[in-house]
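Assemble chains B and C onto chain A, guided by the hints.
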Amino acid sequence: MAPEAGAQPRVRGWVDGTAPALQERVLHAPPLAFVEYCLRGVGQVMFMNNPFTGLFVLVAAWSFDPWLGFGGTLGVVVSNLVALLMRFDRGAIEAGLFGFNGVLCGLALATFLAPKWDGVATTWIVVVSAGSSIAMAALAALFAKAWGVPPFTLAFNLSVLLFMITGLHTLRGRIGESISPLLPAVDGPQVSTALREHATAAVASSLDGWINAVFRGIGQLFFVNSILGGVLVLIGIAICSRIAAGFALIGVVIGTAVGIGLGASGVAIYNGLWGFNSYDACLAIAGVFYVLTWRSALLGMACAAYTALLFGAIASFLGPWGLPAMTLPFCFGVLTFVMLRGTSPLFTYVEDITTPEDHLARARAQAREGASAG
Amino acid sequence: MAPEAGAQPRVRGWVDGTAPALQERVLHAPPLAFVEYCLRGVGQVMFMNNPFTGLFVLVAAWSFDPWLGFGGTLGVVVSNLVALLMRFDRGAIEAGLFGFNGVLCGLALATFLAPKWDGVATTWIVVVSAGSSIAMAALAALFAKAWGVPPFTLAFNLSVLLFMITGLHTLRGRIGESISPLLPAVDGPQVSTALREHATAAVASSLDGWINAVFRGIGQLFFVNSILGGVLVLIGIAICSRIAAGFALIGVVIGTAVGIGLGASGVAIYNGLWGFNSYDACLAIAGVFYVLTWRSALLGMACAAYTALLFGAIASFLGPWGLPAMTLPFCFGVLTFVMLRGTSPLFTYVEDITTPEDHLARARAQAREGASAG
Amino acid sequence: MAPEAGAQPRVRGWVDGTAPALQERVLHAPPLAFVEYCLRGVGQVMFMNNPFTGLFVLVAAWSFDPWLGFGGTLGVVVSNLVALLMRFDRGAIEAGLFGFNGVLCGLALATFLAPKWDGVATTWIVVVSAGSSIAMAALAALFAKAWGVPPFTLAFNLSVLLFMITGLHTLRGRIGESISPLLPAVDGPQVSTALREHATAAVASSLDGWINAVFRGIGQLFFVNSILGGVLVLIGIAICSRIAAGFALIGVVIGTAVGIGLGASGVAIYNGLWGFNSYDACLAIAGVFYVLTWRSALLGMACAAYTALLFGAIASFLGPWGLPAMTLPFCFGVLTFVMLRGTSPLFTYVEDITTPEDHLARARAQAREGASAG
Numbered sequence: 007m008a009p010e011a012g013a014q015p016r017v018r019g020w021v022d023g024t025a026p027a028l029q030e031r032v033l034h035a036p037p038l039a040f041v042e043y044c045l046r047g048v049g050q051v052m053f054m055n056n057p058f059t060g061l062f063v064l065v066a067a068w069s070f071d072p073w074l075g076f077g078g079t080l081g082v083v084v085s086n087l088v089a090l091l092m093r094f095d096r097g098a099i100e101a102g103l104f105g106f107n108g109v110l111c112g113l114a115l116a117t118f119l120a121p122k123w124d125g126v127a128t129t130w131i132v133v134v135s136a137g138s139s140i141a142m143a144a145l146a147a148l149f150a151k152a153w154g155v156p157p158f159t160l161a162f163n164l165s166v167l168l169f170m171i172t173g174l175h176t177l178r179g180r181i182g183e184s185i186s187p188l189l190p191a192v193d194g195p196q197v198s199t200a201l202r203e204h205a206t207a208a209v210a211s212s213l214d215g216w217i218n219a220v221f222r223g224i225g226q227l228f229f230v231n232s233i234l235g236g237v238l239v240l241i242g243i244a245i246c247s248r249i250a251a252g253f254a255l256i257g258v259v260i261g262t263a264v265g266i267g268l269g270a271s272g273v274a275i276y277n278g279l280w281g282f283n284s285y286d287a288c289l290a291i292a293g294v295f296y297v298l299t300w301r302s303a304l305l306g307m308a309c310a311a312y313t314a315l316l317f318g319a320i321a322s323f324l325g326p327w328g329l330p331a332m333t334l335p336f337c338f339g340v341l342t343f344v345m346l347r348g349t350s351p352l353f354t355y356v357e358d359i360t361t362p363e364d365h366l367a368r369a370r371a372q373a374r375e376g377a378s379a380g
Numbered sequence: 007m008a009p010e011a012g013a014q015p016r017v018r019g020w021v022d023g024t025a026p027a028l029q030e031r032v033l034h035a036p037p038l039a040f041v042e043y044c045l046r047g048v049g050q051v052m053f054m055n056n057p058f059t060g061l062f063v064l065v066a067a068w069s070f071d072p073w074l075g076f077g078g079t080l081g082v083v084v085s086n087l088v089a090l091l092m093r094f095d096r097g098a099i100e101a102g103l104f105g106f107n108g109v110l111c112g113l114a115l116a117t118f119l120a121p122k123w124d125g126v127a128t129t130w131i132v133v134v135s136a137g138s139s140i141a142m143a144a145l146a147a148l149f150a151k152a153w154g155v156p157p158f159t160l161a162f163n164l165s166v167l168l169f170m171i172t173g174l175h176t177l178r179g180r181i182g183e184s185i186s187p188l189l190p191a192v193d194g195p196q197v198s199t200a201l202r203e204h205a206t207a208a209v210a211s212s213l214d215g216w217i218n219a220v221f222r223g224i225g226q227l228f229f230v231n232s233i234l235g236g237v238l239v240l241i242g243i244a245i246c247s248r249i250a251a252g253f254a255l256i257g258v259v260i261g262t263a264v265g266i267g268l269g270a271s272g273v274a275i276y277n278g279l280w281g282f283n284s285y286d287a288c289l290a291i292a293g294v295f296y297v298l299t300w301r302s303a304l305l306g307m308a309c310a311a312y313t314a315l316l317f318g319a320i321a322s323f324l325g326p327w328g329l330p331a332m333t334l335p336f337c338f339g340v341l342t343f344v345m346l347r348g349t350s351p352l353f354t355y356v357e358d359i360t361t362p363e364d365h366l367a368r369a370r371a372q373a374r375e376g377a378s379a380g
Numbered sequence: 007m008a009p010e011a012g013a014q015p016r017v018r019g020w021v022d023g024t025a026p027a028l029q030e031r032v033l034h035a036p037p038l039a040f041v042e043y044c045l046r047g048v049g050q051v052m053f054m055n056n057p058f059t060g061l062f063v064l065v066a067a068w069s070f071d072p073w074l075g076f077g078g079t080l081g082v083v084v085s086n087l088v089a090l091l092m093r094f095d096r097g098a099i100e101a102g103l104f105g106f107n108g109v110l111c112g113l114a115l116a117t118f119l120a121p122k123w124d125g126v127a128t129t130w131i132v133v134v135s136a137g138s139s140i141a142m143a144a145l146a147a148l149f150a151k152a153w154g155v156p157p158f159t160l161a162f163n164l165s166v167l168l169f170m171i172t173g174l175h176t177l178r179g180r181i182g183e184s185i186s187p188l189l190p191a192v193d194g195p196q197v198s199t200a201l202r203e204h205a206t207a208a209v210a211s212s213l214d215g216w217i218n219a220v221f222r223g224i225g226q227l228f229f230v231n232s233i234l235g236g237v238l239v240l241i242g243i244a245i246c247s248r249i250a251a252g253f254a255l256i257g258v259v260i261g262t263a264v265g266i267g268l269g270a271s272g273v274a275i276y277n278g279l280w281g282f283n284s285y286d287a288c289l290a291i292a293g294v295f296y297v298l299t300w301r302s303a304l305l306g307m308a309c310a311a312y313t314a315l316l317f318g319a320i321a322s323f324l325g326p327w328g329l330p331a332m333t334l335p336f337c338f339g340v341l342t343f344v345m346l347r348g349t350s351p352l353f354t355y356v357e358d359i360t361t362p363e364d365h366l367a368r369a370r371a372q373a374r375e376g377a378s379a380g
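Protein chains in written order, with this note's numbering: chain A, 7 to 380; chain B, 7 to 380; chain C, 7 to 380.
Just chain A, same shape as in the assembly (with noise of 0.2 Å):
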């Protein structure tokens, strides 16, 4: 039998993959591992255990809008204070999986809590951002005992939504305008399906329209409604991994075009709606949560398009209330899709997660294993 590590090759380097050289070296030095794990925690919302990716996302945030970078920032601070104050488990907090709920949770409110650089609007960042590693925690425990599965970015998705919820009818005034309750109503045929960047604006062309809904997609899973923003996104997934960030693109179209082929408002498609949950989804499953294979390529091709099916209904159905659907659609597309591990023998499952180039060599190597056992 051959050793465990020659079955386990594992990217190593600075920066590329999990750069463990990186995290080995600072670990020894506290205020910066603080900082270099906060930096996974922003990666990790795409499953990217790599402090490059998270710079990179912070900066298309920063450079979007100070106060939504600002929001991002602080919330992927608190919740990583809180992990520690809770004594949470050291090793989950070193990967950034304490993290990506409230750098997300700190993005949103910035998002949609109003005006901006308010005090109070600040200290509620601070309380959800906290509030969501609590929650991390319990879902996690309530996941891996009944599931077997993460929670995914369910933290963020329950701390956000209740907050917002119980904002309707408090926090004086302090929801933004993009908030608003409308009671569902079937709309016929006349929906313009014609991408434009607001109900006002001219059509965009094809291509130009497609390109926006494609990276301001990969842009929004961060709430940055830009095509920069998203092509810093994307070349921050390509640091620690090329497949990753090829299915990113794979998946913004497809959930772009499911957007499209359902005849939903060309605005919403247009800017990204459609598309950010979809290429989330996709990555996951196509190499991050299967080996590659053609099959799992397909695979998560699928998962994106139920993705987008999953954002229009939890879109939909979070109306009454006029609140977005977040990542929920994300959430539950990638559990059905990691839920069929088991299922079927068409797909190897990963237990040990870290950069689909990684899971790739590693299966390759037990299969040359296999054959020269055999």
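Treat the hints loosely; a few may be bogus.
Pairs count within a copy or across copies, as identical chains cannot be separated in the list.
[Stated by the list, open to error] Lysine to any residue pairs mimicking SDA-like chemistry, simulated, CA-CA at most 20 Å apart:
| # | residue 1 | residue 2 |
| --- | --- | --- |
| 1 | Lys151 | Thr299 |
| 2 | Lys151 | Ser350 |
| 3 | Lys122 | Ile256 |
| 4 | Lys122 | Trp20 |
| 5 | Lys151 | Leu341 |
| 6 | Lys122 | Ala244 |
Don't read these hints as lab results, they were simulated from the structure. This structure is a prediction, so every number in the text was calculated from the model and none was measured.
Here is chains B and C on its own, set in the frame of chain A:
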């Protein structure tokens, strides 16, 4: 000790019970086998693992409305094809466990989308039925791991409800007129509980009203709103199990009585809406999941009443989106009563489900054995 | 090693703690035993396994409104009778675990149905309380199997909420005026947070407002909206556990403060609506589920604040159906914090619940033992 086989009498035959002789024969003829387990899938909506039950149901659907029959048939075919493609558990597929969600998806979308015989609607039946097989595999794994119970028709309910909620704001006007979102309001004592077909129709005589409520109720599980349809479905059930057919009748009467007792709209009651969840729940508890005794018969009736209350609640809950309760009441009602296994010594839970008659015969054989051993 | 008994000091007595001497005596007198565990059931709403706690609560309810007291008494009796009939676990019944949902069902329906002393409303109290025992057994099995935790008052919440949602469109006008469905809207800064009894009443002085918010809050867990009621309930808690009574006061203050801090309606705060979930959650975490330390005291206070946020969220979520949050916030708040067991070394989870005082004594005995063994 008696041999295992001695304790396990099985209904053997070509038509009756689970028709095992037929299954053994057709399994060697692939295309025929596919048709056979598609039909079993249709019967499995009511836990009847029998192709003739399914055949009678499809005849009821086609004769009520060919577009409805087409939708259901397409749904069961697609969901089984996807299950085969995904290489889900073969035994489960052959027992019809990947068909019952699909047939319901097809029937539901044929009912709620407009217009009939539309290419786009047909595409959506294919997409949603295919998705329901993925959802079934995932939910079955979720439920088995956490609770050791099946997810019943939850995959159908979630797939169709999420698609229809999406459709409120997309689908280019293809949502039919029966979907009408409405803010709940407290209805005063003026609700008319007089049984009648439409709001504007004449009130039915008591006997006529009950006959309609009962048989339309039996048909409504498959969106077949006619007395003839109900009779066909009931005959289909009886081919597999006379016990189940009896409790179907008892269950639909109880559901109807609860509707009348609560003071629900007489139009809904007349059209069988208060009955269809209750009868499926009643036969599930009295005979299928618990060995039939007078106690489990009473439990089944209690479950029928409980499920009728859940129908009222879920239908009202879904009001703001204008969506029907589908078979969610049945899912939650049966789940509640199935979880009672192990909490009370009064009921014998069936681990290996075939037919109520067979469960009874096996329990009696075991009792005899125990007596002779003692 | 010390004998097991040495490590398990128990509060023994006729009145204090769990009053085990009383229980031992009355268990031999069946009709008296039934009364005794009905009263324990009332106390178990706040984890107080003590018949005198329950007695004080019922006195509070009867003295506030005899119809309310009647409803609660009927509810606890019916739910225990059903549990006996179904032969659910005898030890659980005797500890009051099949009564606490029933008493809440009775109190809630007496509050929300109209008119008072109505035969039909009485019937519905019987039906829903009976159903809550079935739901409790099923939910307890579901929660135990998946997560190893109790379902708290979820059976009450689901039973009453589902019944009331059904009732919006049925019940022939017997839904009281406090139920008013309303589409959520974003309330601006004009919400008045000044504490007062009715929208039209004069603003209370700060001290008077707080005294009302605190004691009405303690009473509101049992739908008793009066200072006297709150005092009676608090005395009832203190009979069983002074620690729990202390954290009840702390919890209700925190819940009230969160309501004021968020800018919620002062009328709701004055009437104790922001406090009743929080105090039950606070005492559950600080002492009942975790051994009392200064850390678990802080955790209990955090849980009280978290639960107050959940109250705001769930009350707002249920707006379209006009229904109140009941004790759902308490269920989810406590569930979240109970799931933290095992995720942090800072807290000692209690496996065998009696009273906070007893948990403390046992933990100290174990610590002494460990020290002397070392």
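Verification of the hints:
1. Taking the shortest Cα distances, Lys151 and Thr299 never come within 20 Å of each other, neither inside one copy (30 Å) nor across copies (27 Å).
2. In this assembly of identical chains, the alpha carbons of Lys151 and Ser350 lie at most 20 Å apart only when taken from different copies (16 Å versus 22 Å within one copy).
3. Taking CA atoms no more than 20 Å apart as the test, Lys122 paired with Ile256 passes in neither setting, with 34 Å inside one copy and 34 Å between copies.
4. Taking the closest pair of Cα atoms, Lys122 and Trp20 never come within 20 Å of each other, the shortest separation being 37 Å inside a single copy and 61 Å across copies.
5. With identical chains, the CA atoms of Lys151 and Leu341 are at most 20 Å apart both within one copy (15 Å) and between copies (14 Å).
6. Proximity of Lys122 to Ala244 under the C-alpha cut-off of 20 Å is found in neither arrangement, the shortest distances being 32 Å within a copy and 47 Å between copies.
Of the numbered hints listed earlier, those contradicted by the structure are 1, 3, 4 and 6.
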